[in-house]
Amino acid sequence: MTMEKQLISKSYYHTFIEGIKDADPIKTLGELYIDEQQNEMPDLSYIRFAQGEVYYLCKDFEAAIFKWENVSNELKPWAQKNIADAHANMNLLAIAEDYYNEVETESDVLKTEVLLQLFSLYIQLGKHAKAVDSIKNAVELNPDYPDVTNVARVFFEDQQDWDNAVDLAVNESMRTKSLSWFVVLEEYVEQGHTKEILPNYFSEVLMTLYNIDQNHFESLSTALWNSYKQNDLYFPWLEEINNLLLSIEPGRSGVWSKLSNLFRLTYFELMNGKFLIREFSYLIPSHLTNWMKISTSSDAVIASSAVLAWSEIYPSDIEASIISEAESLLSRSARYQDGIEDGFKLFKSIMEWAEGEGLLLDKRYEWIVQELQDLNQYHLMITGTETSGKSSFVNTLLDEELSEDPANATVLYKDADNAQIHAITNEGERSIAEHNDFKESIKKQETFISCKMPVSFLNENKLTLIDTPGLTDQDQFRSDGNQYLYLADSLLFVLNADSNLTGNELDMAVRIKEQAPDLPIHFLLCKMDRNTDSQEAMVRTEKIIARIDSYFSNAKAFTFSTNAERKNQINDFSAFTKSMMDGHSLEEERTAKILYYIKKSIQLLLEKREEVEYSLMDNIEWNEEMVTKLKGAQNQLCDIEENTVQVIKKSYSKIIEECRQDLTIKIPELIRKSSEVVNEDSDFGKIHMELNDKINKRINNYIEEAVLPDLYVELQKWIENSERELNDSQAYLDEMSESFNHLYGKEKIYFECDSKVLYDWHRDMDRMTRGNIQLTKATFISQFTISQFLWKSAGKLMGALSKNTETLHDKYKQYIEGKDYSKTVEIIIDEFMQQFELFEKSLERDINIFFTDPDKVLNAILAETYDEIEENKGVLSDMRKRPELHRNPITLFEIKLRQYEWMTIEDERIYKNS
Numbered sequence: 001m002t003m004e005k006q007l008i009s010k011s012y013y014h015t016f017i018e019g020i021k022d023a024d025p026i027k028t029l030g031e032l033y034i035d036e037q038q039n040e041m042p043d044l045s046y047i048r049f050a051q052g053e054v055y056y057l058c059k060d061f062e063a064a065i066f067k068w069e070n071v072s073n074e075l076k077p078w079a080q081k082n083i084a085d086a087h088a089n090m091n092l093l094a095i096a097e098d099y100y101n102e103v104e105t106e107s108d109v110l111k112t113e114v115l116l117q118l119f120s121l122y123i124q125l126g127k128h129a130k131a132v133d134s135i136k137n138a139v140e141l142n143p144d145y146p147d148v149t150n151v152a153r154v155f156f157e158d159q160q161d162w163d164n165a166v167d168l169a170v171n172e173s174m175r176t177k178s179l180s181w182f183v184v185l186e187e188y189v190e191q192g193h194t195k196e197i198l199p200n201y202f203s204e205v206l207m208t209l210y211n212i213d214q215n216h217f218e219s220l221s222t223a224l225w226n227s228y229k230q231n232d233l234y235f236p237w238l239e240e241i242n243n244l245l246l247s248i249e250p251g252r253s254g255v256w257s258k259l260s261n262l263f264r265l266t267y268f269e270l271m272n273g274k275f276l277i278r279e280f281s282y283l284i285p286s287h288l289t290n291w292m293k294i295s296t297s298s299d300a301v302i303a304s305s306a307v308l309a310w311s312e313i314y315p316s317d318i319e320a321s322i323i324s325e326a327e328s329l330l331s332r333s334a335r336y337q338d339g340i341e342d343g344f345k346l347f348k349s350i351m352e353w354a355e356g357e358g359l360l361l362d363k364r365y366e367w368i369v370q371e372l373q374d375l376n377q378y379h380l381m382i383t384g385t386e387t388s389g390k391s392s393f394v395n396t397l398l399d400e401e402l403s404e405d406p407a408n409a410t411v412l413y414k415d416a417d418n419a420q421i422h423a424i425t426n427e428g429e430r431s432i433a434e435h436n437d438f439k440e441s442i443k444k445q446e447t448f449i450s451c452k453m454p455v456s457f458l459n460e461n462k463l464t465l466i467d468t469p470g471l472t473d474q475d476q477f478r479s480d481g482n483q484y485l486y487l488a489d490s491l492l493f494v495l496n497a498d499s500n501l502t503g504n505e506l507d508m509a510v511r512i513k514e515q516a517p518d519l520p521i522h523f524l525l526c527k528m529d530r531n532t533d534s535q536e537a538m539v540r541t542e543k544i545i546a547r548i549d550s551y552f553s554n555a556k557a558f559t560f561s562t563n564a565e566r567k568n569q570i571n572d573f574s575a576f577t578k579s580m581m582d583g584h585s586l587e588e589e590r591t592a593k594i595l596y597y598i599k600k601s602i603q604l605l606l607e608k609r610e611e612v613e614y615s616l617m618d619n620i621e622w623n624e625e626m627v628t629k630l631k632g633a634q635n636q637l638c639d640i641e642e643n644t645v646q647v648i649k650k651s652y653s654k655i656i657e658e659c660r661q662d663l664t665i666k667i668p669e670l671i672r673k674s675s676e677v678v679n680e681d682s683d684f685g686k687i688h689m690e691l692n693d694k695i696n697k698r699i700n701n702y703i704e705e706a707v708l709p710d711l712y713v714e715l716q717k718w719i720e721n722s723e724r725e726l727n728d729s730q731a732y733l734d735e736m737s738e739s740f741n742h743l744y745g746k747e748k749i750y751f752e753c754d755s756k757v758l759y760d761w762h763r764d765m766d767r768m769t770r771g772n773i774q775l776t777k778a779t780f781i782s783q784f785t786i787s788q789f790l791w792k793s794a795g796k797l798m799g800a801l802s803k804n805t806e807t808l809h810d811k812y813k814q815y816i817e818g819k820d821y822s823k824t825v826e827i828i829i830d831e832f833m834q835q836f837e838l839f840e841k842s843l844e845r846d847i848n849i850f851f852t853d854p855d856k857v858l859n860a861i862l863a864e865t866y867d868e869i870e871e872n873k874g875v876l877s878d879m880r881k882r883p884e885l886h887r888n889p890i891t892l893f894e895i896k897l898r899q900y901e902w903m904t905i906e907d908e909r910i911y912k913n914s
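This note's numbering numbers the first residue of the sequence shown as 1 and each following residue consecutively.
Certain hints may be false.
In silico DSS-like pairs for lysine-lysine, Cα to Cα no more than 30 Å straight-line [unchecked claim]:
1. 629 - 746
2. 686 - 813
3. 881 - 348
4. 777 - 819
5. 599 - 444
6. 873 - 631
7. 600 - 452
8. 666 - 654
9. 873 - 748
10. 5 - 111
11. 748 - 631
12. 345 - 439
13. 599 - 363
14. 363 - 274
15. 345 - 177
16. 59 - 10
17. 556 - 452
18. 608 - 881
19. 856 - 873
20. 756 - 345
21. 654 - 813
22. 856 - 629
23. 462 - 599
24. 686 - 819
25. 694 - 777
26. 650 - 756
27. 841 - 756
28. 608 - 631
29. 293 - 177
If you anchor each label on the Cβ, the simulated ranges turn out as follows [what the hints assert, rightly or not]:
30. 246 - 105: 43 to 51 Å
31. 550 - 370: 35 to 43 Å
32. 14 - 107: 15 to 23 Å
33. 862 - 732: 17 to 25 Å
34. 673 - 650: 53 to 61 Å
35. 877 - 746: 23 to 31 Å
36. 37 - 15: 13 to 21 Å
37. 837 - 629: 46 to 54 Å
38. 860 - 231: 22 to 30 Å
39. 257 - 514: 40 to 48 Å
40. 430 - 731: 24 to 32 Å
Hints were generated in silico from the structure; no laboratory data involved. Even glycine gets a Cβ: it sits at the ideal position worked out from N, Cα and C.
Please build the complete structure, drawing on both the sequences and the hints.
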């Protein structure tokens, strides 16, 4: 045992009792101590140190401390450490801490022991931070010290101090290059303890592991990759791992199945539309380069095609040498087997995205792509001129008169257990149940009809017929049939064998070949003349076939006679179709055709994008024009309303004013005529009461019997005139709404004026003119007035009056007839007219109510139009400011399309005339 180990285990005292049989350490050391004292220059420190150990082991800590305190040689640092140990054992932890911290030594072993003891002490004291510092310092000082790193690891794990645990694992992995530490690190990664650490932190440890064990390198890289997937450090990780792989240049000799799979999944994840291209484009060149280099044999075709597809869209992103390597790898790779399935998925994702964006793609493409997936059916397109006999031939195959000339729709005939017929256009589809409906539908251009029904010939030959409209000129097929060409596996061009082959017919066939170079074209010679076996007919047929062969050397020809027995013709044609089917790699061909319709859909999306922008601009302009018109309508409505108010109020005011004037004249007359009440028998003490009663009754009677009936008649006429005025306004508004609805193209605006006001007016007129008025009794002649009259007359008339009372009564009559009643009359008239005048004041409000709905409607439409303008301007602004939001998904579709093209047909182009 080395001295350091003895000092650590406190067994240094064995050096003094070694060789002494049955030695008592305390007694032996005591005797040695006495012997040493006898020396001229005694050195007692060694013995004291040993005695301290013995006392310590005997748990006599105070004696041990006493001995160690008197050690003064090179063992003093160890003695001081032991003093701290003794205090720790006596649970005097604070004192122990001070002694540990005071130890000064050059020995790494002692320093490590002190740090480990402090670590243990701090745990007891609950001083976590100091415990961490102690164990980290111990690891940093002396990582090879027995168990120090394991102690640190266990402590960090127990405390769930994952930052320090990861740091320890990384450092020890690089220091020891031991796979066990790399395994620990990978466990931490898999448990999610590293997902918040910057990826570049792991670059060095990954590089170290790569040079040690590439399998473990792949495993740790995979764990890190998966841990970063769901957080914001995903892209930094991708950048880091790609830079690392670029620097180490991994060879293709190894199998990197896990990383190859992650590269593939990540690439398609980036391309799924979740991110904008500009957000990840900086990653793609290195990502694709590395993927191609480490890809498995099954992924090689995907990786290399991805490189080529990306480089076509972004030519400057990938180096020419990498592109050449990709082309070479692709040519050596196994053919891609999932073209149809992946192509359909891409097509479906395009349709779903377009639907989400409110863009209408061609519904016919959906049906066509669905049909292309059915590899159990061979698609034969049949075309020819209207006089070629094509329809007769098709009907013979179907054993039913369905095809006819002229027809404008393309019809797909397919065997099925139950009849199902659908008419599909660009915008949608509908079912056809009636034969007449079918006949009408085939007359419509731009219509694709799917006719599925039981047809024995089609079932037996696993054949689907595509019957196109008869051709009338060379360019017709380019416009009418071109979009269905890639649905066909072969094309059968029908010629009239009863006449010589014309250059025009050949030109039509050549044009079709130009549009679909890979589409096999065969010919059917249809004989409709009964004399088909004549020498002349046979020579003509041979000439036609020879001329066809000069243009289409690989074409097959079949002769069909409309007059021959059907069964034989059908059997012969069945054999002919089987010969057409030979040599086809249907899966690859159909994949290319699906890709064609994907490309057409993408082109359509780009066109739709422009259409949307122009539509928004047109919509904004149109709505702004509508705002002007609506504001004009508001002004017109305001003018109509004001004019109506003026006309109706004016006519009403005139009636009321005339009534007032009449009362102003008539009532004073009634008052004056009441003087007849005064006679010789009248009692001047009571005459004024009699007069007032009489006058009030006469006024009431006059108003009820004369004024109100006349006023009722006038007001009824006024209501009739007002109703005509309001109806005229309603009629004008109806014309206005009709004009607007014509502009909108739908019943959007309807002005419904509130005619209830007329009912209210009728009710109010009845109430105000029905009679039984209750006017306040007025005082026309008061007692004071009579007394005053008599007093004034007393001096002059007393003598005469006393002689002749008749004269006094006459004078009083004259007084009544000559008195000014204007103020009282005005009060009476005001009281009577009050309700009519209040009604007049409410007229403007009533008329406003009449026009409330049109006003609300215009305000609502105007607000809606403003909102639509702002919304469209916002959308248009976003489209122009951030065109990538729309262009980005389309670009991703294009990249995927090009990748599938490369995977399916290598560098061969299939769209020469699209």
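Kindly indicate which numbered hints from before are broken by the structure, ordering the numbers from low to high. 12, 15, 20, 21, 28, 34, 37, 38, 40
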